[in-house]
Amino acid sequence: MRLSRRQMLGTGLAAGMMGLLPRLASAQPRRGGHVTAACMSSSTADTLDPAKGALSTDYCRHAMFYNGLTDYDDNAQPRLSLAESLNSSDQMIWRVVVRDDVKFHDGSKLTADDVVFSLLRLQDPASGSKVKPIASQMASVRAVSPRDVEIVLTSPNVDLPSILAQSHFYIIKAGTTNFSTANGTGPFRCQTFQPGVRTLGVRNEDYFRDGRPYLDSLELIGIPDEVARVNALLSGDVQMILAINPRSTRRIRESGTHELLVTPSGLYTNLIMRRDAIPTSSPDFVLGMKYLFDRDLIKRALFRDYATIGNDHPIPPFDPLYRADIPQRTLDLDRARYHFARADLPSTPLPLYCSPAAEGSVDMASVLQEYGSKVGLKLAVNRMPADGYWSTHWMKHPLGFGNTNPRPTADLIFSLFYKSTAAWNESGWKNERFDRLLLEARAQGDFALRKEIYGEMQEIVATECGTAIPVFITLIDGFDKRVKGLRPIPLGGFMGYKFPEHVWWEG
Amino acid sequence: MAGPATRGLLATALPLIGKRIASGMLTLLLVSLVVFFIAQLLPGDAAQEMLGQAATADAVAALREKFGLDRPAPERYVRWLVGMLTGDPGYSLVANMAVSDVIAARLPNSLLLAALSAMVSVPVALTIGILSAMHRDARLDRGLNVATLSMVALPEFLVATLAVLVLSVQLRWLPSIALIPPDASPWLVLRSLAMPILTLSVIVIAQMARMTRAAIIQQLSQPYVEMALLKGIKPARVVLTHVLPNAIGPIVNAMALSLSYLLGGAIIVETIFNYPGLASLMVNAVTSRDMPLLQACAMIFCTAYLLLVLIADTVAILANPRLRNR
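As they're listed, the protein sequences go chains A and B. Under our numbering, the residue at position 352 of the first sequence is numbered 352, and the numbers go up by one with no gaps. Under our numbering, the residue at position 243 of the second sequence is numbered 750, and the numbers go up by one with no gaps.
Next up, chain B with everything else stripped away, as it sits in the complex (with noise of 0.2 Å):
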């Protein structure tokens, strides 16, 4: 692309994604307040949480000063905000230690799962989308279909219980539970993730490759793609050179879904595989009642959504020809 071209395109690329900067740091406040509001509509308080069964009057109270739950939330709340916006997410009330420390042991695990899951599916559920389109209503179109359907009904519960119960409790190829020690080579790494990796993969897939079946079909019943048939183009070239840049915008506005998904959704997988990620740590927060372990949690699955669909939009900006021609 020459100059000129590039920076027109900037110019008119800019401004859009600065409003949606800006209206992403809106959402992200609005999330916090809500977080923070409807968690205090919870039974219970993290003082009383820790107690459980053994809670009496006078331990409780004594354990809410010590947390500065004995303040008022509107007070808290802000406290919590001003430290958030000076970097510092606050201090864990049961793990007992700083947020930025428990969420630093578990963010790389849900983002080295999120990436690994989509790396195998993004290119299988592009190749499946982009084949059955392709031969849309022929018998491989309607095999991939009942496919992906099927895929997209089963739960993910079954799909991982039923993969524990093949692959590991029979057979004995993997590991049930995806416990990495710290010192595993990448090998007994993959080897361990693997299970957790084909249960949301096999999730993804289907919806990714659903969302690119149907946008690449509406693509093919352009007249430009007539035209280009009828030049004698090939069909696979149509689809790679010129229907798909044209199908890009939703196509990535569907992955950006299905893999914020991935980093976030999976609490599932987390569970059954026993999988130390970010989904199970906000749940623990939740149970335990502990706010500032919640309200980062909350805040980073929301800057993650917010970001894939940031880079979505931006990359259907870039892409679209009429915004770029303008």
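Bound-form chain A, shown alone (with noise of 0.2 Å):
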């Protein structure tokens, strides 16, 4: 892997920009105004550190302030953004130079050293970072001259660009300790940072890419309450607002003033079957469960639609690394049947574990135990308040609902949550074989080798992995038709929460 700049503008394939200039060329960016864009959650625990990032709107804050080393294009492929060049020949030891012309808020320009900070303080567990695992595959960071980082990882990962665009390994400032107030690269100054509240940023004068961004000011706000978000929206108080319900999108549709943003993603919510308890320990339980799924009418009447089929795997049909020709898992009542009939299921009924926090899975679980009784198998549906699901609840039953926000590679959602040494290794699953794949994978420089590795684990989860996978959740933002420049990035909402630097008021 080679990512460098002039091999970008040479094969033209920086799609981000090259592929929308015929798009764009009827809107030209437009400098000036301010937009207020509204998240879906705000409290105390906001953060201006990106290794702390939780939620969304710290997404798009420290989008607002900060760069990484690399960046998503429209594709959710990486290109580079404060690195000049990421070279590495054996994908183990990578080269980062990063560009010259960079300056902090401060004034203080970038250097090695910044970058070795940011990404060495990934590791400490003390330092909260959410990011933790990932990180530790980087065995070591060092600067090697003012502009030159060496990273050597402990295995091969032909991902690592994808992997340092994530917002949380925005590069900050080496030796920041205090997160009162931002100290970044990124595209806005922070004026205003009220945890819970808002975030006020102003246009730095001094980005480092040319004409960007065009908002003279950006506020971040968070209104966790659906309706009122919609309402905001609609009365002109706010220009955009994340993450609506399908009910909600023709009221904004009919308004006239308004659009939606929409985003078909990896975002999925699963049944766990944990290998550790009975009877979900039992292959022909799982696919019992698998066979249970009316995914249409999941599909139809949980997300009106706003959703896409999935096979029980994490990726989604749109990833170009996704295997077309495993067969379709559908409803099939005398399959699961069958199954049930051989996973000798208990007479009391079985627990079945959901929460609002894991969306959608309240309606699934009824949806399951209704059909459920159909094939003699018995459910109690336990309904758990979004509060502590996480920490309580989830992966703790032998029966229950997790939720999956996307990540930009099929390795990261492979390694954090499928490999069998995984922290989030949700049914305890253990094989042999794709911890194996996972690794040639990662090594493998050939995209159609690599696709055809990812083929084969794909159709491993969906066999043998304690996982139900319905259908993958499609994103849905509204916005102010007067916001120009907004276009979907599968890895979240607000263009993978990377909006900031790339939108524009035509007011």
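The set of hints was computed from the structure by calculation and includes no laboratory data. Check the hints yourself; a few may be wrong.
Unchecked claim - Where chain A lies over chain B, by a calculated footprint (3+ residues, C-beta under 8 Å): (1) 544-557; (2) 597-611.
Said to hold, decoys possible - FRET-style restraints, in silico, Cβ to Cβ: (3) Pro283(A) x Leu588(B): 53 to 61 Å; (4) Pro579(B) x Glu456(A): 36 to 44 Å; (5) Asp644(B) x Arg383(A): 43 to 51 Å; (6) Ala386(A) x Leu825(B): 43 to 51 Å.
The beta-carbon is built from N, C-alpha and C at its ideal position, and this holds for glycine as well.
Fit chain to chain and form the complex, with the hints in mind.
Structure representation (structure tokens):
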């Protein structure tokens, strides 16, 4: 893998900019204006520390004030950002050269030391880093010269450029410990940051990308209540809102002044069947449950068609790595009955844990209960509060729901949630071949060969792993039509939360 | 009032008030104990909540140690209490700043909203209560009764949502969210707060008006009112100069209860209008298991409530002629 500015320009594959030229030709970005964007959460836990970013407002806020070494284009592929080049011949030892023309908001120049500091602190558990398991694959990070950084991984990983584009890996000034304000390289300077209230950024005139950002100022707030969020948009108090319910789409479209940003994503809510409990450890039980999902119904009724049907593995159909020739699993009561008969079901109802914390799981649980009763499976639906669900219920019961956000690469999803030793190996399954393939794919530079490997892994997960993924949830945002430049990036709403430097105001 | 009379009054009132304050302090202590130990029963702690889905055993352990959550609960409680008594409410685990700073950013908002709502609702409630008591069972009273009863019955989320739909989404007269920039003009502040005030007032006015009506009606059946009326004093004057002072105790009590609601019970209003007040801060503290912040909020609400009740009691004691003349 080799990424350099010259290469990107040469091949014309800087998809983000080049591919869009025809569409942008009619609408030239305009400078000026102020936009207020509302995310869905805001609390005292709001943070300016990229390592601690946990929720949508954090991701957006961090994209206002910081940059990564790399960035995502519209197809969620990595491209260079703060890095001028990022090279490796063996996918193991990576050489990063940082750009020479980048300044932090305090006026100091970006150096290799800042990169070393930013990346190494992610491995310190006391930093509250959300990506410690991922960051730990960096065996060493050191500055070779003022602009050169050498990253040595514990094992080859071709996806490092993609990993570095995640907001947790954004670069902060070396030695930063106080995050009451932000000192980054990003498109906006932090003027006000009140956790749980608002974040206000003003244009960074020294931004290293010429002409950007377009807005004079950008304000970020959180409105947790979905109805209030939609009302705030329609009444003109905010110009962009994240994450709306499919039920609100009509109201927004019919306003005439507002539009939807629809982003098919890899977000999924899955049923988890633990290998360490009875009867969920039985492969027959697992298959029975997988045949019990009425995926069309879930897509149509629960998500009003704002979903993509899944096939019990975490790679969505629009992903270039998706393997299309695995037969699509559908609702099949006869097969489910056959498998349950062999699975030795208990006579008492089997508790099924769901929660509003895992989007759509409460309704999915009811649907499962209904179909289960037709094939001799008694389910007791236990609806848990969202509060504390992840720490007390998730992965702790034989049968329960989880929810996984889109990740930029197949490798990340598989290594975080499916590898035998993964901390969030939800069903506690182990598959040696899968683990071996994972490492093989990581080291494989050739796309076609990697796709083949990932294809086999998808099949293994779909047939053997104790996880059922009925659909991938499409993300829907709302915005004022005068906000321009928004495009879906399949990693999250608001352009994978990276909208700040892309949008402009035509008011 | 002459000197000796005042002194006599204070002599009877002061011990009573002193006793109230002492029992108030004890209540505060008990509340802090209960809040602390009930919060321990919540699943998870600040370290786990902060890491959320990303919580791995070693990351949680490291954060716990950093926050001091690995210490036993009684020890943490005593530490907090000692800090509180020396005027230091501690450090917010989640917001990463001093609890006093977090609260200082929110408390004025809550006080402003409560004060403005009180300024609107108290006069209106008094007027409604007095009017309907004076015209007991007449058409005006029945009309007001229906109005206040339906206001009491309306949940505030409905009032707020309807107000937003009509006043901001349809008519675009008022902003749907009450986020006030720091440099806002008083006019903008009022405009932003208009709907939250309206919503809170709807609930509070109805409660206060009904209590006022009941208190005045109770006095109106007293012999001294009959005497005054027989002496030819106009009913309006009887109510304002004779009845109202006698009914002031229960009325002030009702107001104290309603006003304490304005400060703490405003959570739904704060949520719908996205108003950065103390109630939503406390809910945040609960969900993030931020104990120092949670304790501080609980203490503020409890203190405010006790203070209001204390003021109401004091007014009632001072206004009570029997007590005054003893």
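Checked hints:
1. 544-557: Since 6 is at least three, the answer is holds.
2. 597-611: Per the Cβ count (6), the hint holds.
3. Pro283(A) x Leu588(B): 53 to 61 Å: This hint holds: roughly 55 Å between Cβ atoms.
4. Pro579(B) x Glu456(A): 36 to 44 Å: Since Pro579(B) and Glu456(A) have Cβ atoms about 51 Å apart, the given range 36 to 44 Å is violated.
5. Asp644(B) x Arg383(A): 43 to 51 Å: Holds, at about 49 Å.
6. Ala386(A) x Leu825(B): 43 to 51 Å: holds, 49 Å
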